[in-house]
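Protein chains in written order, with my numbering: chain W, 281 to 620; chain D, 281 to 620.
Hints were generated in silico from the structure; no laboratory data involved.
Lysine-lysine pairs mimicking DSS-like chemistry, simulated, CA-CA at most 25 Å apart:
1) K454(D) x K533(W)
2) K524(D) x K322(W)
3) K458(W) x K533(D)
4) K322(D) x K617(W)
5) K533(D) x K322(W)
6) K494(D) x K458(W)
7) K457(W) x K533(D)
8) K617(W) x K327(D)
9) K454(W) x K617(D)
10) K617(W) x K316(D)
11) K458(D) x K454(W)
12) K330(W) x K533(D)
13) K494(D) x K454(W)
14) K316(D) x K533(W)
15) K454(D) x K617(W)
16) K617(D) x K327(W)
17) K458(W) x K454(D)
18) K512(D) x K524(D)
19) K454(D) x K454(W)
20) K454(D) x K494(W)
21) K617(D) x K330(W)
22) K394(D) x K470(D)
23) K316(W) x K617(D)
24) K303(D) x K327(W)
25) K617(D) x K303(W)
26) K457(D) x K533(W)
27) K327(D) x K533(W)
28) K457(D) x K494(W)
29) K322(D) x K533(W)
30) K533(D) x K454(W)
31) K494(W) x K458(D)
32) K327(W) x K533(D)
33) K524(W) x K322(D)
34) K327(D) x K303(W)
35) K533(D) x K316(W)
36) K457(D) x K454(W)
2 protein chains.
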Amino acid sequence: MKVKVAINGYGTIGKRVADAVSKQDDMEVIGVTKTKPDFEAKMAIRKGYKLYCAIPENLELFESAGIRVEGTVDDLINKADIVVDCSPGKVGAQNKPMYEKAGVKAIFQGGEKKDVAELSFNALANYEKAVGKNYVRVVSCNTTGLVRVLYLLDTNFGIEKVRAVMIRRVVDPKEDKKGLVNGIMPDPVKLPSHHGPDVQTVLPHIDITTVAFKVPTTLMHVHSLNVQLKEKASEDDVIDVFEKEPRILLVSKDDGFTSTAKIIEWARELRIRYDLFENVVWRDSIAVVGNELYLTQAIHQEAIVVPENIDAIRAMLEMADKEESIRKTNESLDIGKFQI
Amino acid sequence: MKVKVAINGYGTIGKRVADAVSKQDDMEVIGVTKTKPDFEAKMAIRKGYKLYCAIPENLELFESAGIRVEGTVDDLINKADIVVDCSPGKVGAQNKPMYEKAGVKAIFQGGEKKDVAELSFNALANYEKAVGKNYVRVVSCNTTGLVRVLYLLDTNFGIEKVRAVMIRRVVDPKEDKKGLVNGIMPDPVKLPSHHGPDVQTVLPHIDITTVAFKVPTTLMHVHSLNVQLKEKASEDDVIDVFEKEPRILLVSKDDGFTSTAKIIEWARELRIRYDLFENVVWRDSIAVVGNELYLTQAIHQEAIVVPENIDAIRAMLEMADKEESIRKTNESLDIGKFQI
Numbered sequence: 281m282k283v284k285v286a287i288n289g290y291g292t293i294g295k296r297v298a299d300a301v302s303k304q305d306d307m308e309v310i311g312v313t314k315t316k317p318d319f320e321a322k323m324a325i326r327k328g329y330k331l332y333c334a335i336p337e338n339l340e341l342f343e344s345a346g347i348r349v350e351g352t353v354d355d356l357i358n359k360a361d362i363v364v365d366c367s368p369g370k371v372g373a374q375n376k377p378m379y380e381k382a383g384v385k386a387i388f389q390g391g392e393k394k395d396v397a398e399l400s401f402n403a404l405a406n407y408e409k410a411v412g413k414n415y416v417r418v419v420s421c422n423t424t425g426l427v428r429v430l431y432l433l434d435t436n437f438g439i440e441k442v443r444a445v446m447i448r449r450v451v452d453p454k455e456d457k458k459g460l461v462n463g464i465m466p467d468p469v470k471l472p473s474h475h476g477p478d479v480q481t482v483l484p485h486i487d488i489t490t491v492a493f494k495v496p497t498t499l500m501h502v503h504s505l506n507v508q509l510k511e512k513a514s515e516d517d518v519i520d521v522f523e524k525e526p527r528i529l530l531v532s533k534d535d536g537f538t539s540t541a542k543i544i545e546w547a548r549e550l551r552i553r554y555d556l557f558e559n560v561v562w563r564d565s566i567a568v569v570g571n572e573l574y575l576t577q578a579i580h581q582e583a584i585v586v587p588e589n590i591d592a593i594r595a596m597l598e599m600a601d602k603e604e605s606i607r608k609t610n611e612s613l614d615i616g617k618f619q620i
Numbered sequence: 281m282k283v284k285v286a287i288n289g290y291g292t293i294g295k296r297v298a299d300a301v302s303k304q305d306d307m308e309v310i311g312v313t314k315t316k317p318d319f320e321a322k323m324a325i326r327k328g329y330k331l332y333c334a335i336p337e338n339l340e341l342f343e344s345a346g347i348r349v350e351g352t353v354d355d356l357i358n359k360a361d362i363v364v365d366c367s368p369g370k371v372g373a374q375n376k377p378m379y380e381k382a383g384v385k386a387i388f389q390g391g392e393k394k395d396v397a398e399l400s401f402n403a404l405a406n407y408e409k410a411v412g413k414n415y416v417r418v419v420s421c422n423t424t425g426l427v428r429v430l431y432l433l434d435t436n437f438g439i440e441k442v443r444a445v446m447i448r449r450v451v452d453p454k455e456d457k458k459g460l461v462n463g464i465m466p467d468p469v470k471l472p473s474h475h476g477p478d479v480q481t482v483l484p485h486i487d488i489t490t491v492a493f494k495v496p497t498t499l500m501h502v503h504s505l506n507v508q509l510k511e512k513a514s515e516d517d518v519i520d521v522f523e524k525e526p527r528i529l530l531v532s533k534d535d536g537f538t539s540t541a542k543i544i545e546w547a548r549e550l551r552i553r554y555d556l557f558e559n560v561v562w563r564d565s566i567a568v569v570g571n572e573l574y575l576t577q578a579i580h581q582e583a584i585v586v587p588e589n590i591d592a593i594r595a596m597l598e599m600a601d602k603e604e605s606i607r608k609t610n611e612s613l614d615i616g617k618f619q620i
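Sequences and hints are given; from them, build the entire structure.
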């Protein structure tokens with residue numbers, strides 16, 4: 281008996297979560313929603329997902345485009361064991377009363393404020409706390425990337441302090457209505473960026489300050505981390521820890537990975553849509569100076585939260601313990617199979 | 281008995297041709313070459329291709345990187361029925377004496393001058409002329425995109441004159457050493473761009489003038505075409521012709537295809553590496569003004585020549601006639617299956 285998952289919002293995150301759910305042996309996608317009958321709606325149908333209209337007033341648009349919908353979002357969530365809300369930032373909070381009324385559990389994404397849910401979630405860091413919860417928020421791509429690495433460093437060596445500089449892709453590749461094509465934008469100008477406080481929603485005891493900039497690229501975010509460790513650790517000690525974690529992928533300049541452009545070129549062969557569910561850490565960037573660790577990592581903003589959504593489903597519906605869920609998610613998504 | 285294909289140069293074109301050859305039931309990849317032991321070399325091995333060193337002096341580099349090579353490019357081509365030369369522009373011509381010495385047929389890419397080969401090739405336009413030939417050049421991405429459309433228009437309605445403006449992606453996505461991030465570059469400033477004369481290497485009777493510009497994107501080229509037709513044709517007549525040709529894919533703004541960004545977003549779901557082997561023509565851009573046809577098309581520079589290379593192999597080795605080869609190529613690469 282598979283648990284029934286509804287995907288509310290079949291966009292950048294929703295389409296990836298839908299495909300990932302479909303690859304699990306203990307859950308199924310019972311339907312996805314779209315607001316408009318565009319190529320993504322047609323792709324959902326092509327892939328065999330049942331399509332529902334996210335905005336009842338737009339039903340006519342689908343009809344006149346000749347696209348069959350099964351009903352509206354209400355019809356969908358009433359059949360679901362859990363909803364993964366993948367609507368744009370802030371819309372998730374607007375949707376919450378609907379989930380409450382239907383009495384259905386819901387997962388929100390990192391574009392929502394933390395108080396939309398009972399818990400901000402990362403599978404490595406706090407899977408157990410999500411067990412049985414009704415509303416959980418999977419933290420954003422940058423925060424997920426930070427939390428994974430910081431959790432590993434903290435549990436292995438202890439963390440005194442973190443200073444992180446985020447160099448962010450300005451928009452996702454499909455975006456053609458906004459952007460920044462010739463500049464570097466401090467975002468925000470005044471410290472801290474929201475990422476530090478957001479990390480603390482998952483790892484409250486970590487002392488972290490983050491600064492962020494947007495730059496003209498769509499491919500990935502890059503993080504330059506400085507982590508003051510409590511215990512002395514060598515570069516090899518850190519590499520050992522990362523090599524054991526499937527959700528961290530170590531790459532090297534010697535293999536031709538001179539930029540995110542090359543990482544994505546490689547990923548285009550590995551997974552459809554060049555999805556990288558792993559933190560991509562440059563092995564050669566790992567440097568210990570005194571008691572401070574430096575490292576550079578790249579985060580695929582469209583894909584990295586996907587495994588976290590799958591694990592959140594299992595935790596909230598009490599389908600598996602942490603170790604089993606992560607193992608199943610990793611195996612089904614080929615996480616940990618691309619070490620180079 | 282499958283014909284033995286060697287791929288000399290496993291880069292942007294080579295890796296795609298290798299995968300496409302592997303999908304045919306009448307040919308096989310007997311090996312690929314790389315100059316350096318980078319991630320692309322490791323990917324070739326991961327995919328099961330036998331790797332050969334393209335530059336004998338670099339054998340040591342592969343050894344010290346722990347990458348097993350089967351030998352050098354000479355060893356490879358001596359076992360081949362045909363070589364697909366996918367080395368960077370101008371290097372193909374340097375390689376030709378090696379192929380002549382080995383007595384092996386060879387296909388060159390559009391980065392070479394036309395006199396490297398006996399024939400400049402496009403499957404729709406002049407498959408028959410390549411039958412039995414020893415040296416054939418598959419024309420470049422932009423020229424392939426132009427030739428396909430012009431061949432169809434010419435055979436159906438007759439062409440008086442063509443005026444084409446090419447708006448070109450500045451570099452391929454993996455490129456991080458050169459580019460143009462903030463400008464529009466007439467390339468060349470003085471008319472014509474090389475594309476017009478290059479079209480005439482395949483369709484010598486077409487009166488065509490081309491102008492080209494580079495712009496800061498990596499995703500696709502876009503062509504704005506003006507074609508003066510001999511016979512009166514309506515917009516629907518043109519659409520009918522395009523709808524019957526699998527290598528032309530019609531898309532529409534109504535489906536959300538507002539830019540190449542959206543076309544690629546869609547393609548990321550369709551094929552690995554988001555390869556688009558088809559000309560992507562905006563249906564809504566097809567307009568007849570007097571006896572002049574206007575249309576806008578997008579050309580995926582990394583992928584569009586791939587089916588042409590497969591058809592060139594069949595023609596040169598006399599394995600199939602035009603219709604059969606194109607049918608097999610299209611079927612194996614899902615060309616013609618993504619009409620929206």
